[in-house]
Amino acid sequence: MPVDRPAGGTAQTAASTYPPVAAPAAAPAIRGARIDLRGMTKRFGASVAVDDVTLTVEPGEFMTFLGPSGSGKTTTLNMIAGFTDISAGALEIDERPVGGVPAHKRDIGVVFQHYALFPHMTVEENIAFPLRQRRVPKAERRRLVAAALETVQLPGHAARYPSELSGGQQQRVALARAIVFSPRVLLMDEPLGALDRKLREFLQLEIKRIHREVGSTFVFVTHDQEEALILSDRIAVFNNAGIEQVGTAHELYERPATLFVASFLGESTILRGTASPDGGGSTLAGDGFVVRAPGRLEGGRTDAALVVRPERLRLTPDAPASASGDASGGNAVPVTVVEEIYLGAARKLEVILPGGARGLVREQAGALSGLRAGDRATLRWHPEDGVLLPDDPTIERIFT
Amino acid sequence: MSARLARAALWLTGVLVAAWLVAPTLVVIPLGFTDKVSLTFPPTGWSTRWYANFFGDPAWTAALANSLLVGVLVAAVATVLGTAAAFGLSRWTSRRGAAAARVLLLAPMIVPGIIVAIGVYAVFLKFQLAGSLAGFVAAHTVLALPFVVVSVSASLGTFDVRLETAAASLGAGRWATFRQVTLPLIMPGVVSGALFAFVTSFDEVVVSLFIQSPALVTLPVQMYSSVTRETDPTLAAAATMILALTTVLVTGGLALSARRNRAR
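Protein chains in written order, with our numbering: chain A, 938 to 1337; chain B, 434 to 697.
No wet-lab data here; the hints were simulated from the structure.
Beta carbons: idealized from backbone N, C-alpha and C, even for Gly.
Fair warning: there could be bad hints in the mix.
To be verified - On the chain B side, residues computed to face chain A include the following (Cβ under 8 Å):
(1) L596
(2) A605
(3) G606
(4) P617
Starting from the given sequences, assemble the full structure and let the hints guide the process.
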């Protein structure tokens, strides 16, 4: 049984010092498992909740399933946990097929959004529950429970009942209960969804620290893109029962593979038009503008969307030389400023593009353009800063 | 002023209805303490001789012992079966099947007791169960089962099924989950179901009259035959003790479940 942990307590050292990600103060307590999803599919009657999902989660990785509600991310998690059976495809943990193994024999820790603490048990009894099922001797049980409470920084609460704790404390207990038996896989289904923003941000850092200390493979489900960016080694973006793209936060942000990913993760300005090859890149002709974009669409498609992140855009008060570019080879499009949003260290300006679509520009506090709502201006960016994608008419507006 | 009057009228009505409901029960108590040899109300003098008579007469004490034994056995059997049935009903994926099975389980509560009694009597005669302990327990369990099903179903209705999912993820199999998570949390419903089952059996008279034998007479049967033969105030003494016992059991059960709920 994999319930052993070094007695010296990686918990204490790491808890007080917050070591940087690259150089952990102590080696993780256990080695995470590798999870392979091969064409996993879940049907409920005629509807398909998860459609042919293939993904490998590496040992010890922090993988986040990010997507809107109903995108299949929670169903996929439930299939990994064994709460839902798999309609088609295969699931392997450390190259062992586990599709037919019942949930209670999978040795996977799960943390739920609703905590799911046993109300008739004290904190200590709750955390000892998985150990009791594994017939861990009493003295050992006490030691492991104390260590787990230490890890989640709740010592001294062992004798309390869950109803006597705050939401954040309850979720820490749930976390302790899910890691106390040292599962090599830990699944978390929107664990911070019920908490207020301040506490959520704090617990995100805690979860990141615990992941480092414990060393298990974490799969985390959320619809909050910010949370995904903070926590994850890699993110799998779910949409319409499938995965749109898997990658690091940086890859997804800078090189989104689909318009859905670009719009769901972070803010962006989307310019739609017809793309035609132009040298090594493309030219995009839209309603009232012609701009240059890097790369080409595959398969001879021409209906395209150009995605540019707000911090890559600049606004200048002058009118462009022409609607298609400026002397230095950058893109320039005439716009009207409609809204200023003050953010302290920066400000965001919402603009209207020639075709009526909205765009978003971010200006750092030290480099403000001085433009105000109502001003006419020129939107400028370097062609290499855009990402040219096949258009997806289902993506309507900027997600903020 | 008129609002005050309406309030007073409401109170008066409430008190009258309450008196109407409770009075017949309370009348029994002074009847048992009468010094006369008949059931006269109100009593003209006081005595505890009928209680002495109750505990001195083997017919009465045997009937009391029989009723307690049958009641406890019925409570045990009906609680196990009823809890299992309620749990099964709550997890049955076919809503139609569950609804049909529930109606079937609750039928003994609705079907007139006399009809059940005739059916039970006919079958018991054939299998020589009439007047036997097993026969009494079997017949009373049928009548007590609905109370357990109703009360456990109510507890399961407020039980968070997701706790069972959590228990599974922590390594508990179905039985371990039921024993360690589900059962403790629905315990108030199980306990009150058991008390109702006991009380149902303890004061059951119609079916018992049919299946009684000289070898096995329960307290209500003894009381009934006592009142048909003579008007002996021992009857009122027995009734008073039944009243006290059931009141203690039911209020005790309620207090127990209230305390459990507060602890959470």
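Right, here's what the structure says about each hint:
| no. | hint | in the structure |
| --- | --- | --- |
| 1 | L596 | 6 Å, holds |
| 2 | A605 | 5 Å, holds |
| 3 | G606 | 5 Å, holds |
| 4 | P617 | 5 Å, holds |
Checked against the numbered hints given earlier, the structure satisfies every one of them.
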